[in-house]
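A.B. asks: For this one, chain A is given, so just place chains B, C and D on it according to the hints.
4 protein chains.
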Amino acid sequence: MTVSQDMLRTNPSPPGYDPEALAACIEACFDCVAACTACADACLGEETVGQLRRCITSDLGCADLCDATGRILSRQAGYHPDLTRAALTACRDACRSCGSECESHADHHEHCRVCAEACRRCEQACEKLLSS
Amino acid sequence: MTVSQDMLRTNPSPPGYDPEALAACIEACFDCVAACTACADACLGEETVGQLRRCITSDLGCADLCDATGRILSRQAGYHPDLTRAALTACRDACRSCGSECESHADHHEHCRVCAEACRRCEQACEKLLSS
Amino acid sequence: MTVSQDMLRTNPSPPGYDPEALAACIEACFDCVAACTACADACLGEETVGQLRRCITSDLGCADLCDATGRILSRQAGYHPDLTRAALTACRDACRSCGSECESHADHHEHCRVCAEACRRCEQACEKLLSS
Amino acid sequence: MTVSQDMLRTNPSPPGYDPEALAACIEACFDCVAACTACADACLGEETVGQLRRCITSDLGCADLCDATGRILSRQAGYHPDLTRAALTACRDACRSCGSECESHADHHEHCRVCAEACRRCEQACEKLLSS
Chain A
1051 MTVSQDMLRT
1061 NPSPPGYDPE
1071 ALAACIEACF
1081 DCVAACTACA
1091 DACLGEETVG
1101 QLRRCITSDL
1111 GCADLCDATG
1121 RILSRQAGYH
1131 PDLTRAALTA
1141 CRDACRSCGS
1151 ECESHADHHE
1161 HCRVCAEACR
1171 RCEQACEKLL
1181 SS
Chain B
1051 MTVSQDMLRT
1061 NPSPPGYDPE
1071 ALAACIEACF
1081 DCVAACTACA
1091 DACLGEETVG
1101 QLRRCITSDL
1111 GCADLCDATG
1121 RILSRQAGYH
1131 PDLTRAALTA
1141 CRDACRSCGS
1151 ECESHADHHE
1161 HCRVCAEACR
1171 RCEQACEKLL
1181 SS
Chain C
1051 MTVSQDMLRT
1061 NPSPPGYDPE
1071 ALAACIEACF
1081 DCVAACTACA
1091 DACLGEETVG
1101 QLRRCITSDL
1111 GCADLCDATG
1121 RILSRQAGYH
1131 PDLTRAALTA
1141 CRDACRSCGS
1151 ECESHADHHE
1161 HCRVCAEACR
1171 RCEQACEKLL
1181 SS
Chain D
1051 MTVSQDMLRT
1061 NPSPPGYDPE
1071 ALAACIEACF
1081 DCVAACTACA
1091 DACLGEETVG
1101 QLRRCITSDL
1111 GCADLCDATG
1121 RILSRQAGYH
1131 PDLTRAALTA
1141 CRDACRSCGS
1151 ECESHADHHE
1161 HCRVCAEACR
1171 RCEQACEKLL
1181 SS
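Residue numbers (my numbering), protein chains in the order written: chain A, 1051 to 1182; chain B, 1051 to 1182; chain C, 1051 to 1182; chain D, 1051 to 1182.
Do not rely on the hints blindly, as some may be mistaken.
Not the full set, but computed from the structure, chain A residues with beta-carbon under 10 angstroms of chain C [unchecked claim]:
hint: 1; residue: Val1053
hint: 2; residue: Thr1060
hint: 3; residue: Gly1128
hint: 4; residue: Ala1168
Restraint-style ranges between C-beta atoms, simulated for each label pair [to be verified]:
hint: 5; chain 1: A; residue 1: Glu1097; chain 2: B; residue 2: Gln1101; range: 52 to 60 angstroms
hint: 6; chain 1: D; residue 1: Pro1069; chain 2: C; residue 2: Ser1154; range: 23 to 31 angstroms
hint: 7; chain 1: B; residue 1: Thr1098; chain 2: A; residue 2: Gln1174; range: 36 to 44 angstroms
hint: 8; chain 1: D; residue 1: Thr1052; chain 2: B; residue 2: Thr1098; range: 23 to 31 angstroms
hint: 9; chain 1: A; residue 1: Gln1174; chain 2: C; residue 2: Thr1052; range: 18 to 26 angstroms
hint: 10; chain 1: A; residue 1: Ala1071; chain 2: B; residue 2: Gly1066; range: 29 to 37 angstroms
hint: 11; chain 1: D; residue 1: Ala1071; chain 2: B; residue 2: Ser1182; range: 33 to 41 angstroms
hint: 12; chain 1: D; residue 1: Pro1131; chain 2: B; residue 2: Thr1098; range: 24 to 32 angstroms
hint: 13; chain 1: A; residue 1: Gln1174; chain 2: B; residue 2: Arg1104; range: 24 to 32 angstroms
hint: 14; chain 1: B; residue 1: Ser1182; chain 2: D; residue 2: Ser1181; range: 42 to 50 angstroms
hint: 15; chain 1: D; residue 1: Ala1071; chain 2: B; residue 2: Pro1064; range: 34 to 42 angstroms
hint: 16; chain 1: B; residue 1: Gln1101; chain 2: D; residue 2: Arg1104; range: 46 to 54 angstroms
hint: 17; chain 1: B; residue 1: Pro1064; chain 2: C; residue 2: Ala1071; range: 36 to 44 angstroms
hint: 18; chain 1: A; residue 1: Glu1160; chain 2: D; residue 2: Gln1101; range: 24 to 32 angstroms
Chain C residues, not near chain D, derived (Cβ > 12 angstroms throughout) [unchecked claim]:
hint: 19; residue: Gln1055
hint: 20; residue: Tyr1067
hint: 21; residue: Ala1156
Hints are computed from structural coordinates only; laboratory data are not their basis. Cβ coordinates follow ideal geometry from the N, Cα and C atoms, glycine included.
With the rest of the complex left out, here is chain A (with noise of 0.2 angstroms):
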C-alpha cells in the first residue's frame, strides 16, 4: 500500500473521487514533480543547452502546477469540486504540452524520454479524474 493509499484510508473526510484512481493520480503528480524538476536540470547541464530553453522552462512550469496539484488533491475536508476541477484541468493540459516538448528530444536524451512518460502518465490520470 502506497503513502497515498494509506492517508486517503485513514482520512475522516470522504473523498471527491473514486479513492484508488484519485490515490494514483496524486502519485503520478508528485511523480512528475520529480521528473520535470530533474529534467529541467539535466537539460541545463547537456552542452547543447542553448537549444533546450523551451524544453526546460516546460519542465519547470510543468512541475509546478503538477505540485499545486498533488497538494489539492490531497484534500479532502471542506471539498471544493471547482477548484479541484480548475487544478486538474490545467495540469492535465501542462503535461501534454510538457510531454509533447520532452518527446520531440526523446531520442537525443533519455532523460526527456523519461520524463515524457511521467507527464503522460500524470495527464491520463488527471484526465480519468475529470471525465469520471
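C.D. replies: Using the frame of chain A, we list chains B, C and D on its own:
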C-alpha cells in the same frame, strides 16, 4: 519600480504579454499566496475552526495555484503560450472561488475580507492577461 | 527502477552524493510532501480539530521544506554544496519535529501514525546524506 | 499597509516574533521568490547560458527555500519555534549563497544585480528574526 517590473525590464527574452500588465499579475499572484496562506492560518486559529474547513481548504489550494502561476508568468525564455494560459485559467478560477468563499465570512473575520480582496485583484489581473 | 533513479542515471552532470542514497532521499522528500499535506487535511477533518492545530501547522511547514529540499536535491547542474546542506539540515530538523508531533497523536489518529513514519524515513535519508 | 501586515494584524493567534519585523521578512521572502525565479529565467535566456548554470541552479534553490520560509512564517496557529528556526536558518544561508553568486555576475547582467539585492534584503530580514 517593483522587483517584478525590474526583473522584466532586464530580461533578455521578450515577454509574452504587455510588461506592465504582466508585472502586475505576477505581483498579484505572490500577494495572493501570502494572503491565502495567512488566511488559512488565521481561520485555523479561530474558535469556530470547525465551521471554517471549506475556507481553509480553499485558501490552501488557491495559494498553491497562485504560486505556480506567479512562477510560470516569471519565465519568458522558451515561452509556452498554452502552458501559461492553462495556469492563468486555473488561477483565475481558483481566485474567483476562494474570493467568494472568503467574502461569505468577511463580516465575521476581517482576515477573510482582506484575503477576498487579494483574491479579487489576482482574479482580475489573470483575466486581463487572458483577454489581451 | 524509480523515476528518481532513472533521472539521476540519465543526467549528464555528476551527482554531489552517492546516487542510490540521493535518489532514496529525493523519493523520501516527495513522499513526505504527500504524507504531511494529507495528514494536515485529515487532522482538519477530525471533530477534535481544535486540539490538532500544532499538528496541522507542523504538517504544512514540513511539507513545504520537504518540497523545497526534494527539488534542490534533484538539481546536479552547477551544484552548490552549501545550499544543498542548508536545505538538508532544515528538512531533517523539520521532519524530526513533525515526526515527534505526529507520533504523539498516533494512538488516536492512524493518519498521524502513517505520517510520522514518512517523516522518520525522510529524516533518516537526509541525515544519511549529511553525514556522508 | 501591506497584505502581510494586514493579515498579521487580523490573525487571532499571537505572532512568534515582533509583528513589524515578521511582516517585513514574509514580504522579503516572497519578493525573493519572484526575483530568483525571474533571474533564473533571465540567465537561461542569455547567450552565455552555458556559463550561468551555477547561477540558475542557485536561483531555483533559493526561490524554493524562500517560498517555504515565507509560508512557514505566515502561520501563527500552533506555532513551532524549532521548525520556524530551521526554515529561517536555511533561508538566510541560501540567500547569502545566492546573493554572492548573483553579485559575481552583476557587472554583466543587471537582472543578477537586482536579484542579489533581493537576496541581501531577505538574508538580513531572516537574520533579524533569528537574532531577536
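A.B. asks: Could you work out which of the previously given hints the structure breaks and list their numbers from low to high?
C.D. replies: none
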